[in-house]
Amino acid sequence: MAVLDLDARAAKLGIDLSQVDFNSVILPPGENFGFESDDEDVYEDEEDFETGFGNIIVVDQLPVDNFKKVELIKEDGLSMPVDSDTSKTLGYCFIEFNTRQEAEKAKEKTNGYHLSKRGESDIILAVYTFDDIERLMNMNEEWEPPQTKPYVPNETMNLHTWLTDEKARDQFVVRCGPDTEVSWNDTRHLKSESVHKLQNWTESLVQWSPLGTYLVTLHKPGVAVCGGATNFKPLVHYKHPMVKLVDVSPGENYLVTYNSQTPNIPHDATQVDIKIFDVKSGRLMRGFQGSADEFSVEGYSVSWPVFKWAGGRDDRYFARLRKNTISVYETETFSLLDKRSMKVDNVVDICWSPTDYILALFVPELDDGNQPARVALVQLPSKVEIRQKNLFNVSDCKMYWQSNGDYLAVKVDRYGSKSKKSIESGFEIFRVKEKDIPVEVLELDNKKDKIIEFAWEPKGQRFAVIHGDLPRPDVSFYSMQTPGRVSKLVTLKAKQANALFWSPTGKHMIIADRLNGKLEFYNVDTLMTMATVDNFMATDIKWDPTGRYVATVVTSSVMEDGFYIWSLYGKLLYRTLKEQVFQFSWRPRPPSLLSEEKEKEVKMNLRQYVERYEEEDEDVLDLLSRQEEEKRRVMGEEWEMWINKWKKLHEEEKLQRQNLLGEEEEEEYCYETVEELIDVCEEVVSLEL
Amino acid sequence: MRPILMKGHERPLTFLRYNRDGDMLFSCAKDHTPTLWYADNGERHGTYRGHNGAVWCCDVSRDSSRLITGSADQTAKLWDVKTGQQLFSFKFSSPARSVDFSVGDKLAVITTDPFMERTSAIHVKRIAEDPQDQVSDSVLVIENPEGRKRINRAVWGPLNQTIVSGGEDAVLRIWDAETGKLLKETDKEVGHKQTITSLCKSADDSHFLTGSLDKTAKLWDMRTLALIKTYTSGVPVNAVSMSPLLDHVVIGGGQDASAVTTTDHRAGNFEAKFYDKILQEEIGGVKGHFGPINALAFNPDGRSFSSGGEDGYVRLHHFDSDYFNIRI
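Here the protein sequences come in this chain order: Z and A. Numbered according to the UniProt record's numbering, the first sequence spans residues 1 to 689. Numbered according to the UniProt record's numbering, the second sequence spans residues 1 to 328.
There may be inaccurate statements among the hints.
What the hints assert, rightly or not - Here are the simulated lysine-lysine pairs, PhoX-like style, with alpha carbons at most 20 Å apart:
{"no.": "1", "chain 1": "Z", "residue 1": "K448", "chain 2": "Z", "residue 2": "K493"}
{"no.": "2", "chain 1": "Z", "residue 1": "K648", "chain 2": "Z", "residue 2": "K507"}
{"no.": "3", "chain 1": "Z", "residue 1": "K578", "chain 2": "A", "residue 2": "K193"}
{"no.": "4", "chain 1": "Z", "residue 1": "K647", "chain 2": "A", "residue 2": "K201"}
{"no.": "5", "chain 1": "Z", "residue 1": "K323", "chain 2": "Z", "residue 2": "K398"}
{"no.": "6", "chain 1": "A", "residue 1": "K277", "chain 2": "Z", "residue 2": "K645"}
{"no.": "7", "chain 1": "Z", "residue 1": "K308", "chain 2": "Z", "residue 2": "K244"}
{"no.": "8", "chain 1": "Z", "residue 1": "K323", "chain 2": "Z", "residue 2": "K339"}
{"no.": "9", "chain 1": "Z", "residue 1": "K645", "chain 2": "A", "residue 2": "K201"}
{"no.": "10", "chain 1": "A", "residue 1": "K106", "chain 2": "A", "residue 2": "K91"}
{"no.": "11", "chain 1": "A", "residue 1": "K184", "chain 2": "A", "residue 2": "K149"}
{"no.": "12", "chain 1": "A", "residue 1": "K201", "chain 2": "Z", "residue 2": "K648"}
{"no.": "13", "chain 1": "Z", "residue 1": "K647", "chain 2": "A", "residue 2": "K287"}
{"no.": "14", "chain 1": "A", "residue 1": "K277", "chain 2": "Z", "residue 2": "K631"}
{"no.": "15", "chain 1": "A", "residue 1": "K184", "chain 2": "Z", "residue 2": "K654"}
{"no.": "16", "chain 1": "A", "residue 1": "K287", "chain 2": "Z", "residue 2": "K518"}
{"no.": "17", "chain 1": "A", "residue 1": "K201", "chain 2": "Z", "residue 2": "K654"}
{"no.": "18", "chain 1": "A", "residue 1": "K201", "chain 2": "A", "residue 2": "K106"}
If you are wondering where the hints come from, they were derived from the structure by calculation, not from laboratory data.
Given these sequences and hints, build the entire structure.
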């Protein structure tokens, strides 16, 4: 409505527009009065070509026949025009359906249908929707070449500017209350600098893409992807109504969205709808629909992500687990590799190597021990099993790949005795990159110890295990360095720990007791504890992608909520108290562009680089301390003013006060620092040369 | 600084008050018996028996002869400090919450809670020199405009000309002590966002400190109600106190009493936090309580302070010389 109309209308109705709170107006559901809501305008259908005749199909190529002198035959939605002059049917008819979907279905089914008549040649029906015909008829006769839009270099399109921050800071996103905020972690200034803050930016959660280029946000109509260093403008939208979960492939080429609908009839399976989009164009590459059973293995519920991507940047393969089958798809064609799935009886778990096209799978024990459990490594695309191992008396197992794909550790829980009463745990470790993939068996010193946590050192050859009995289990460190053997480095006894967090660069780790918030910063090279800190109710502990800082988050506990940033040595750098923190996550960094030799070179010449940065750091520290001093001086002066004012008033009121008290007022206490010289002593110390 | 633990109350502490000379410490708790302790060694002197409900607040006269206590049994009682004898009992129709003697101890301000159809109110009573002459009439009664909200603390302003009150509606008000008219009110932006739990006057009545469940404590000018400083704590604040000697404030709190069992299982980790009054920065904390801290009081000589907790303990701390040399 034009603004003028609005005023006139309001005047007519006697409404004072200034009194109306426009924000409180709620449109009836379903109606939008022609106003596009901000979410919806992006999701306009291209085929929004409603002529109102969408439910009518035209059937052409019908045999021409004689008919009575009726202009138009109409019967139950079928109407067949007749040429009145020749009293023959014109050879086509219109059929009207109740809905557009039905019409389209009918068109699909009957288009190309062979309608043969006795003795006459085959008649093939051509069926079109009414809209198709309209469109074809209205098409421009002359072909106009498409116009090229002038190229506007868009600054915001450089999605990697955040990596070039001169102070080498990392970004992180925090969701607290209704706000979502992206900030720089500025440790020189001991605070976080907010980059972009939005209320209700996302409906449920946010997620960084694996290389940190995009921030994925979830909304009712679908998923949006925002990028950049400071603006975070939405780049592409992906339509998937009521999306619940999202996953991005490791090379950031594809986006997988998931939605499930609980059925109306309780016994029916949950319907699952998964879509895979191309990230850059927003195009839907492939959809998977089905009941929840098809996406999980018997006995397990659907675990996200359903599709596991192979490692590496090109996102060539993704696999899914189903009953007795592993379906591996390739992204060239988005269809099954070799056009068929791999049949592996009773497979329950699969895990890709993070770097190579090797898939590890686990098949549990069957037939009460007659068919042993099996772990196998399959090379793709050849689908050849390059290594397999049978395991006996196994009750359960879990697979852990090392970050470079060098090693695969399989934690095996075995039954201690035939009677299956006690459980022993051990590890089978595959040296994947070595010839013939040798397997080493590691048993804990105390076989009956329960294994609570396991973690590989990223980019390294060590791993840590928490084993034993809660609340004070042991933590052991092992190394794979010596070929042919898994050597133990150390066992720390009776630690209050239930979680392990390696720094992404290796070497340092945090042994944490999550519930009580006790964190121990441990250096694995020197096997020494650097610091132990207390951060009560810290629910999340996250290293930043460079391994320099650790963030601990206290989420929604009423006491001291917020996040804390620590240095890797365990020193608290700063903290930000925020109410109702739901989520905290660092922006990942893509792998370094430097080659290994270059990295070694930098490390050797570190001293040169260090000098420059130290100077900068000192400058900043100076600035900060000067600012701090200034601030304190100002505060002190302000306070003096108040004190003086009060003193004056106090003096003025003295007489009145004395009257009230009925006595002479004593002198109030006065605080004086007295320095007493106790002794001066001179001593000559002889230097032994 | 080694604390002296005083266990005398069986129920959570509600209030602590030193006398003017700093040699006596009065503690109030939910167990009906206010107790008198020696302030230097924490030895218990005696108890005042007579109340039938939780004792919320107390005040002692300048000459340390009279004690007034406010209790949930709908009375405020006057006691002889030395003998422990009950001198007079003011009866109300709802629980009495806060009590405060005026300058000169001739008047006392007592607040009452909302109860059934009664609104919360502020009562001013005359205190007679001779307890025999004591009458129970109120000199002035001020009804709280936010009737259904409790008034947690009400104190006399400088020269007894005003009464300052704060409570559940998070608003601080200054009333004229003669007429009962509302003179000033804090506004929503500047003021506390949640219940004001505690209030502590400065030694010269020029400013006061309030603590609130919104996890902050604020410093105000007593005459103009201007906000001077704000101190943020990570936990809801139950008690505040100002050092009469140095520029420090202490803030104590912890989980709201009703919610204690849900989260905290760290024993001995509730702390009284010390802040620099001028710079608003935390300088340290004193841990030790097993439950949220409900009461704090500084000795008028500034050399010691005591804290009372939900755990029923009173902890008395004498500062050692380091405290006086604290520099940020």
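Hints, one by one, checked against the model:
1. Z:K448 with Z:K493: It holds: about 16 Å lies between the C-alpha atoms, which stays within 20 Å.
2. Z:K648 with Z:K507: Answer violated: K648 (chain Z) to K507 (chain Z) is near 64 Å, above 20 Å.
3. Z:K578 with A:K193: Status holds; Cα separation ~16 Å.
4. Z:K647 with A:K201: 15 Å, holds
5. Z:K323 with Z:K398: 18 Å, holds
6. A:K277 with Z:K645: 17 Å, holds
7. Z:K308 with Z:K244: The hint holds at about 18 Å.
8. Z:K323 with Z:K339: Holds, because 18 Å separates the two Cα atoms, which is no more than 20 Å.
9. Z:K645 with A:K201: Roughly 17 Å separates the two Cα atoms, so the pair holds.
10. A:K106 with A:K91: With Cα atoms ~19 Å apart, K106 (chain A) and K91 (chain A) stay inside 20 Å; holds.
11. A:K184 with A:K149: Cα-Cα ~18 Å, so holds.
12. A:K201 with Z:K648: Status holds; Cα separation ~18 Å.
13. Z:K647 with A:K287: 35 Å, violated
14. A:K277 with Z:K631: 14 Å, holds
15. A:K184 with Z:K654: 24 Å, violated
16. A:K287 with Z:K518: 18 Å, holds
17. A:K201 with Z:K654: 18 Å, holds
18. A:K201 with A:K106: Holds. K201 (chain A) to K106 (chain A) sits at ~19 Å (cutoff 20 Å).
Violated hints, in rising order: 2, 13, 15; the structure is consistent with all others.
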